[in-house]
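The opening position of the sequence shown corresponds to residue 1 in the working numbering, with each subsequent residue numbered one higher.
Derived from the structure by calculation, the hints contain no laboratory data. Idealized CB from N, CA, C, for every residue including glycine. Be aware that a few hints might be false.
Pair ranges (Cβ atoms, derived) [claimed, not checked]:
hint, residue 1, residue 2, range
1, S159, C86, 44 to 54 Å
2, L140, C237, 41 to 51 Å
3, R130, P60, 21 to 31 Å
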Amino acid sequence: LRDQADSDRDRMISGSIMDRLRGSGGLRHGGDGGGEGRRLAGLMDQFGAQGRVPLQYRLPWVNEFQKQPLPLQQLKDYIAYAREYCRPKLSVEAAGVLKGYFMRLRNSDGNQSKGDNVPITTRQLEALIRLSQARAKACLRPCVTREDAEDVVELMLESNKQVHTDASGRVDKGRGGAGGKSKRKKAFLDAMGASGRSEFTYADLQGIAARLDLPVGGFGDFVDNLRENGDIGKSFCDGRAVWTMNF
1 LRDQADSDRD RMISGSIMDR LRGSGGLRHG GDGGGEGRRL AGLMDQFGAQ GRVPLQYRLP
61 WVNEFQKQPL PLQQLKDYIA YAREYCRPKL SVEAAGVLKG YFMRLRNSDG NQSKGDNVPI
121 TTRQLEALIR LSQARAKACL RPCVTREDAE DVVELMLESN KQVHTDASGR VDKGRGGAGG
181 KSKRKKAFLD AMGASGRSEF TYADLQGIAA RLDLPVGGFG DFVDNLRENG DIGKSFCDGR
241 AVWTMNF
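Please take these sequences and the hints and turn them into a complete structure.
Here is the structure:
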């Protein structure tokens, strides 16, 4: 079963995931919203009283404003309280932000071919939802606001930019490991084929990745994407997992 981008199907699946994690009925709740400190405050003022201030401006201002660390016990109590009593629900507005980001990555416009897209699956969509819920929980909010979701999308955009940008500053969608028509994927599958083996353990796959100098971080996602794209299969033999090539 190949996980190929399809606008209608992606919209249906992402909507189903949002409905499931938002809970019955959902919530309709929008976001509220020294010299170095004055400079940073001035940068934020350009967005106006009602505009969302990007994290790249907000975080330096907080770092400048909050000079003293919070007392350790107070921080522990805060985290313990949030874990015990805060269960943020996904709001309709936040779901729309995350779904829109997911759809843009899955189905990019312009001259870019689908094989060149930054790979993303419903697994990453659920991770975006969990990050948004964690963002809301850190503020003890009962629901995930639009701003929470926008903060998470901004983090993901910056993360993708760092992962998929080479040393010369050019965007290379083949960097970072998984999916699409990346050179790393092709090299990995070629190495599997050249080994002459029909079955591989997870340790075998890790060994191939090590020989090719593939990044260790996110290797599980890399393997999962190969499975979702139909390039490799997974089965169980005598209680242990084995992977096979599908072509």
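Results of checking the hints against the structure:
For S159 and C86, the Cβ-Cβ distance of about 25 Å falls outside the hinted range of 44 to 54 Å, so the restraint is violated. For the pair L140 and C237, the beta carbons lie near 49 Å from each other, so the given range of 41 to 51 Å is met. The hinted range of 21 to 31 Å is satisfied by R130 and P60, whose Cβ atoms lie roughly 26 Å apart.
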